[in-house]
Structure formats: C-alpha cells, structure tokens
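For the sequence shown, my numbering puts the final residue at 160, and the numbers step up evenly by one.
Do not rely on the hints blindly, as some may be mistaken.
Only pairs whose alpha carbons sit at most 30 Å apart, straight line, appear in this in silico DSS-like list of lysine-lysine [as the list claims (entries may be wrong)]:
#1 K107 x K83
#2 K83 x K154
#3 K97 x K107
Label-pair distances were calculated between CB atoms; the ranges are [claimed, not checked]:
#4 P9 x D45: 42 to 52 Å
#5 D157 x H132: 30 to 40 Å
#6 A44 x V81: 13 to 23 Å
#7 T119 x P9: 43 to 53 Å
#8 K97 x Y145: 43 to 53 Å
No lab work stands behind these hints, which were simulated from the structure alone.
Being a predicted model, the structure only gives us computed values, none of them experimental.
Each residue gets a CB set at the ideal place from its N, CA and C atoms; glycine is no exception.
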Amino acid sequence: MTVLTAMRPEVFAAYLDAAVAAYAQDNIDAGRWPVEGARERSRADFEDSLPQGLATPDNYLFEIQDGEGGVTVGYLWFAVVVKHGLRSAFVYDLEVKSEYRRQGHAKRAFEALEARVTTLGLTSIGLHVFGHNPGAQSLYSQLGYTVTGINMIKQIDKTG
Numbered sequence: 001m002t003v004l005t006a007m008r009p010e011v012f013a014a015y016l017d018a019a020v021a022a023y024a025q026d027n028i029d030a031g032r033w034p035v036e037g038a039r040e041r042s043r044a045d046f047e048d049s050l051p052q053g054l055a056t057p058d059n060y061l062f063e064i065q066d067g068e069g070g071v072t073v074g075y076l077w078f079a080v081v082v083k084h085g086l087r088s089a090f091v092y093d094l095e096v097k098s099e100y101r102r103q104g105h106a107k108r109a110f111e112a113l114e115a116r117v118t119t120l121g122l123t124s125i126g127l128h129v130f131g132h133n134p135g136a137q138s139l140y141s142q143l144g145y146t147v148t149g150i151n152m153i154k155q156i157d158k159t160g
C-alpha cells in the first residue's frame, strides 16, 4: 500500500535541492532554457512558488511512502490554485525514486491525491508534463488525464 505523509522538515531541504536540479535539467532537455543559468532560474521558480517553504499556504508537500515499513519511495507536491474564481489542484512535482519506479507507487500516490483533493472541495487536478517524458504522459493518460493544450518551441539559430 502506498500512502502520502506530510513532508518532514528535515527532508525538505534535500528534496528541494534535488527538485531544483531535476527541474533545471527538464527545462534544458526540453529546449526551454540554456544550460547557463538554468539552476538559478529553477531555484528562483521554486522560491517564488514556495516563499515560506513547507509553511507556504495552500501548498501540500508529501513523502510517498510504501505502507509496509514506511519507506519513502518518492515525493508529491500540489497546490490549490484559483483561476477565474475556480479552485483546483495543480501538481507541481511528482518524483518516484528510480529504484521504486514501475511498481505502482505513482499510480497509488495519485489515487491518494484524488482523495485529498476531494476533501478540500476541489473538483479538478491539473499538471504539466514535459514532452520528452512519454512515460509520465502514458501514466497520466491511464489515470484519466486529458491533454488541454500543447506548448511548442522552435529554436532559431542566431549564427545564420
């Protein structure tokens, strides 16, 4: 059984460092950011989104734990967002540690997320998935998520 438990303060700093690095690399891989300055941009985005760290209002950071033994297998972060007067959840980060992937933890974490979102009175969950991550795209499709738009980019060669 997979459960979501509130992220412990002693885990947050290490989570944040790893998440900043991963987000920077995802943006580099997607062609959105150059390598130079990517880590700084990523850290700035996280600081903007979590100005009070774990205590940032309407943000929920969890350790994904294997219920048998309480081993932390990953992390999930979502926030309550309000747009056009509608409150919904937005998943900012899902990370399952490599040694625990493809064991159903992400799927069960999202099932637990849906239960939490329901108790908050929210009726939808949004998320972003990078184009270079077909595994995540497949998972979210299997869970009933649909594509609501596609961002595209073309890099223009400045030398020519």
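These are the hints, each one checked on the structure:
1. K107 x K83: OK: K107 and K83 at ~27 Å, within 30 Å.
2. K83 x K154: Roughly 29 Å separates the two Cα atoms, so the pair holds.
3. K97 x K107: At roughly 14 Å apart (the allowed maximum being 30 Å), K107 and K97 satisfy the hint.
4. P9 x D45: 42 to 52 Å: This hint is violated: roughly 21 Å between Cβ atoms.
5. D157 x H132: 30 to 40 Å: 21 Å, violated
6. A44 x V81: 13 to 23 Å: With Cβ atoms ~19 Å apart, the hint holds.
7. T119 x P9: 43 to 53 Å: 23 Å, violated
8. K97 x Y145: 43 to 53 Å: 22 Å, violated
Of the numbered hints given earlier, the model fails hints 4, 5, 7 and 8; all others are met.
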